[in-house]
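**Student:** Take a look at the letters that make up each chain.
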Amino acid sequence: MKRVRSMMKLFILFVATLALTACEPLTVFDPQGPVARNLTDLIIFSIIFMAIIVITVFILFGVIVWKYRERKDNKDYEPPYEEGSKALEITWFLIPVVIVIALTIPTVITISDVENVPEGYEDQEPLVVHVTSADWKWIFSYPEQDIETVNYMNIPANRPIHFKMTSAGTMQSFWIPSLGGQKYTMANMQTQLYLVADREGEYIGRNTNFNGEGYAHMDFEVVAQSTKDFNEWVEEVKNTADELTEEQYEEILAPTVIGRETYNGTHLQWIDHAHGGSEKYLNPEAYDGHLENKQPDNDSVTDNESEDKE
Amino acid sequence: MKLDEFFVTGDPLILGSQIAIGLTMVGLVVLITYLKKWKWLWNEWFTTVDHKKIGIMYIIAGVLMFFRGGVDGLMMKAQTSRPNMEFLDAQHYDEVFTTHGVVMILFMAMPMLIGIINVVMPLQIGARDVAFPKLNALSFWTFFVGAMLFNISFVIGGSPDAGWTSYFPLAGKEFSPDVGNNYYAIALQIAGIGTLASGINFIVTILKMRAPGMKLLKMPMFTWTTLVTSVLIVAAFPILTVALALMTLDRIFGAHFFTVAAGGDPMLWLNLFWLWGHPEVYIVVLPAFGMFSEVIATFSRKNLFGYVTMVVSIVAIAFLSMLVWVHHFYTMGNSAAVNSVFSITTMMIAIPTGVKIFNWLFTMRKGRIQFSNAMLWALAFIPCFTIGGVTGVMLAMAAADYQYHNTMFLVAHFHYVLIPGVVFAVFAGLYYWWPKMFGFKLNEKIGKWHFWLFVIGFNLTFMPMFFVGLDGMSRRMYTYSESTGWGAWLGVSAVGGLILAAGFAALVYNIYWSFRYASRDIGGDPWDARTLEWATASPVQEYNFAVIPEVTDHDEFWKMKKEGRNTLKKEDVKDIHMPSNSGIPIIFSVAIGIVGFFLVFEWNTLAAIFSVGIIAGLIANSFDYDDGYHIPAKKVWETERKWRGDL
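Line order of the protein sequences matches chains B and P.
For the first sequence, position 156 matches number 156 in our numbering, and the numbering has no gaps at all.
For the second sequence, position 142 matches number 142 in our numbering, and the numbering has no gaps at all.
Bear in mind the hints are in silico, worked out from the structure with no lab data behind them.
Worth double-checking, as some hints may not be accurate.
Unchecked claim - The calculated lysine-lysine pairs, modelled on BS3-like cross-linking and capped at a C-alpha distance of 27 Å, are:
no.: 1; chain 1: B; residue 1: Lys72; chain 2: P; residue 2: Lys561
no.: 2; chain 1: B; residue 1: Lys86; chain 2: P; residue 2: Lys574
no.: 3; chain 1: P; residue 1: Lys218; chain 2: P; residue 2: Lys39
no.: 4; chain 1: P; residue 1: Lys173; chain 2: P; residue 2: Lys53
no.: 5; chain 1: P; residue 1: Lys134; chain 2: P; residue 2: Lys53
no.: 6; chain 1: B; residue 1: Lys280; chain 2: P; residue 2: Lys173
no.: 7; chain 1: B; residue 1: Lys75; chain 2: P; residue 2: Lys445
no.: 8; chain 1: P; residue 1: Lys39; chain 2: P; residue 2: Lys173
no.: 9; chain 1: B; residue 1: Lys75; chain 2: P; residue 2: Lys561
no.: 10; chain 1: P; residue 1: Lys39; chain 2: B; residue 2: Lys72
no.: 11; chain 1: B; residue 1: Lys75; chain 2: P; residue 2: Lys642
no.: 12; chain 1: P; residue 1: Lys562; chain 2: B; residue 2: Lys72
no.: 13; chain 1: B; residue 1: Lys72; chain 2: P; residue 2: Lys574
no.: 14; chain 1: B; residue 1: Lys75; chain 2: P; residue 2: Lys559
no.: 15; chain 1: B; residue 1: Lys164; chain 2: B; residue 2: Lys72
no.: 16; chain 1: P; residue 1: Lys53; chain 2: B; residue 2: Lys86
no.: 17; chain 1: P; residue 1: Lys569; chain 2: P; residue 2: Lys366
no.: 18; chain 1: P; residue 1: Lys356; chain 2: B; residue 2: Lys72
no.: 19; chain 1: P; residue 1: Lys208; chain 2: B; residue 2: Lys67
no.: 20; chain 1: P; residue 1: Lys561; chain 2: P; residue 2: Lys574
no.: 21; chain 1: P; residue 1: Lys173; chain 2: B; residue 2: Lys86
no.: 22; chain 1: P; residue 1: Lys445; chain 2: B; residue 2: Lys86
no.: 23; chain 1: B; residue 1: Lys67; chain 2: P; residue 2: Lys574
no.: 24; chain 1: B; residue 1: Lys86; chain 2: P; residue 2: Lys366
no.: 25; chain 1: P; residue 1: Lys53; chain 2: P; residue 2: Lys39
no.: 26; chain 1: B; residue 1: Lys75; chain 2: P; residue 2: Lys39
no.: 27; chain 1: P; residue 1: Lys53; chain 2: P; residue 2: Lys562
no.: 28; chain 1: P; residue 1: Lys77; chain 2: P; residue 2: Lys53
no.: 29; chain 1: B; residue 1: Lys67; chain 2: P; residue 2: Lys448
no.: 30; chain 1: B; residue 1: Lys67; chain 2: P; residue 2: Lys366
no.: 31; chain 1: P; residue 1: Lys218; chain 2: B; residue 2: Lys72
no.: 32; chain 1: B; residue 1: Lys75; chain 2: P; residue 2: Lys562
These figures come from a predicted structure and were not determined experimentally.
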């Protein structure tokens, strides 16, 4: 059958592409922390059910279309009148009901799970990081350490991180797929997220919610390191980085794409965008015209990375 | 405002389109003048109130917009086909994906479906027109003016660039000071008026104008889906009207409903938008389900399996569709309880939809399946839509959605729902009902090219997107670096886009070829079909039915043929009362368009002055006492004799 063959060809093509490009598994299937692992398990669980449904429908479809196709020898076959069938229709009403219930239970459990500190890490004091998204960069403030970074974030591995997230203007979505799911950041509002990296490593984080010209460059790097390395890094920043001034902070908030920056002190001393007052820093005129005219160069994290590899 | 700000300048692509648009318009005007067709256009088309002609105009507009939205799509595919491509810059890409979304949903899917509904639904219920023919013309012209206003943004003033969802605060004056998003607010508002009026018109038509004997549960399935969709339109579109009105107040009159400053609440926009936006998905998908039901029954030569269950399913889908809008923003920080409730309501939609899929499959069982072009589209719909459906269930699971939200996985999913669900249906509907509209069939052989290129291209374009999404690529990214490893996937996807475009070109060629060469001698019922629209001539006579039929079954025409009731007696033919053409709808809509244009540029005084035109239109309409005219019985009899052969 032509249809089946073309679909098979298509499938083989995809598998081939998959084999060629992805020697490593897709990010979502390669979780690096308990929260992401929880989600991956749920996703795989659902994919199994969905595969069963797809296979059933495809087989039924193939068999019916093949068996009841018009042929030269059945031209005078007159199909019967069929009202329907209560038994059959109840069956294919009940099967999806059962599947929906089977999917609902783990979904509801996981929804609650990911709102809290992951299991096994409850006894540790979470590290608090304030996330502030702006056009088009990520600002990370460590209130306990009294330091602030832009477009990258160092965290201790195996310790829960409590993200308190807000935005200086447009709406963004904070997502580190290797570590867990995403959540929006909004001005005048605080959203929260708990993540843990249980391995040391470097992960890419992204904004997934479109917010203007610099959106594609709005990614950042997360470095999960041992507690010792993390403390050393904090110490080093405290000793070497410049003090953050309000003037400098206003410059960071201007709509630009910038590289990584590191400061002593946090902007929380002047403003927490979660509690209003962001309009003070907004400047609609800065959004007139095009980005490239305002932009010396784009060096987002992934760009840097590709340069490294080359 | 300076002239160089008024016209978009500086980009060779846009300059090219400006010249192309200018030349096309001059060319059209010259051509029509040369052929002396202005009077014909005005009398036969621009002022018509005939539901069939209005339907055809909707479909023509839909095909044009399909082309525009498709070119947008191809430009996006070209830009992302390789890492670090420099075909479009960020701003241009943002405009292109915004207009692609708006055009495809509101100016392609909607007019295609409303167009086919317009042509077919009154025929299916044995009516001579819709309930309010002049309002129907107004619906079309407001839609058309809205669509045109939206499209000129490309060359005058700049296109909207905040996504088809136009999320605040980004879409507000604080972050998007240009006029682009004014176009969004005003053009959608104008088009929305037309859609709302259509919804009301169709509900009244179906409830009040069915042929005698056609009880609700004897209506053809396409008419049922039209009724349910129309109810959804009336329920959902006012929400869009309000949301767009608030947006207009924010952007043009300095209000603060959705702003960051002064206590505005952007989350309110998201809620209002999706309270309309989710039902909108079902507004476009339900009539498509109706078309598939008709096509599958006709070409399996069997009645629809489980008719009552199908009706209950569409009503259930429509009801649930109003209760799921939060699933578009699970990640907005809702409580676990809220997300759980909306996960469950969303997954519940899969139940009636699954029932429908199995009922379609069992309609074909024990049938005799003819692989006509219309049927091929209905067949391809089932596996492709199933993939869209199951990935929809995956997205419905709120916790898992934290990993899919706003990624290419989502983009792949909704294209797998909307292309099989709407575009395949529109193609099936066009091939199926084309003879009713134009009196000839589309060519089956060229149609096969159209079918295979389009279906293969579609799968090749959108299947890789599932995988890049799972690999962490978010939607709407105009560029990405090589190290992401997405290049191969998106390269395949871009090739798929080209094949898809070739499929569309095959359709256009098919229309051209068939228009020139196809046989005109096909009779009223070329497919040996089942419902009442096939009891008329091809193309349909202006009065539809010489005598309104008595209905006994939901496959009434099939039954008529079996029982030999498909004949006409001369003494039954009476004078037929018809509505007169009217120029008011088009003039009135153009006035609205002019006011809208001034509002876009915030020239409020000019807008106020030209609003007089709108008021004048309303007054003129109130004093229109034209009561229509009668087609004498003799003339009706002549027409009937001609197409039925000797009576």
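**Student:** CA of Lys173(P) to CA of Lys86(B), is that 27 Å or under?
**Tutor:** violated (57 Å)
**Student:** Between Lys562(P) and Lys72(B), is the straight-line Cα distance small enough, at 27 Å or below?
**Tutor:** holds (24 Å)
**Student:** For a C-alpha distance cap of 27 Å, please report whether Lys77(P) and Lys53(P) respect it.
**Tutor:** violated (36 Å)
**Student:** Under the criterion that the straight-line Cα-Cα distance not exceed 27 Å, is the pair Lys67(B), Lys448(P) satisfied?
**Tutor:** Holds, at roughly 22 Å.
**Student:** Run the distance test for Lys208(P) versus Lys67(B): straight-line Cα separation, threshold 27 Å.
**Tutor:** Violated, at about 43 Å.
**Student:** Given the hinted pair Lys561(P) and Lys574(P), is their Cα-Cα distance within 27 Å?
**Tutor:** holds (23 Å)
**Student:** Are Lys86(B) and Lys366(P) close enough, with their CA atoms no more than 27 Å apart?
**Tutor:** Holds, because 17 Å separates the two Cα atoms, which is no more than 27 Å.
**Student:** Assess, step by step, whether the Cα of Lys67(B) is no farther than 27 Å from the Cα of Lys574(P), and give holds or violated.
**Tutor:** Given that 27 Å is the threshold and the Cα spacing comes to 49 Å, the pair is violated.
**Student:** Holds or violated: Lys356(P) with Lys72(B), Cα cutoff 27 Å?
**Tutor:** violated (30 Å)
**Student:** Does Lys445(P) lie within 27 Å of Lys75(B) when you go C-alpha to C-alpha?
**Tutor:** It holds: about 21 Å lies between the C-alpha atoms, which stays within 27 Å.
**Student:** Holds or violated: are the alpha carbons of Lys72(B) and Lys561(P) at most 27 Å from each other?
**Tutor:** Holds, because 24 Å separates the two Cα atoms, which is no more than 27 Å.
**Student:** Given the hinted pair Lys173(P) and Lys53(P), is their alpha-carbon gap at most 27 Å?
**Tutor:** Between Lys173(P) and Lys53(P) the Cα gap is close to 41 Å, so the pair fails against 27 Å, i.e. violated.
Going down the numbered hints, you'll see the structure goes against 2, 3, 4, 8, 10, 11, 13, 15, 16, 17, 18, 19, 21, 22, 23, 26, 27, 28 and 31, while the others check out.
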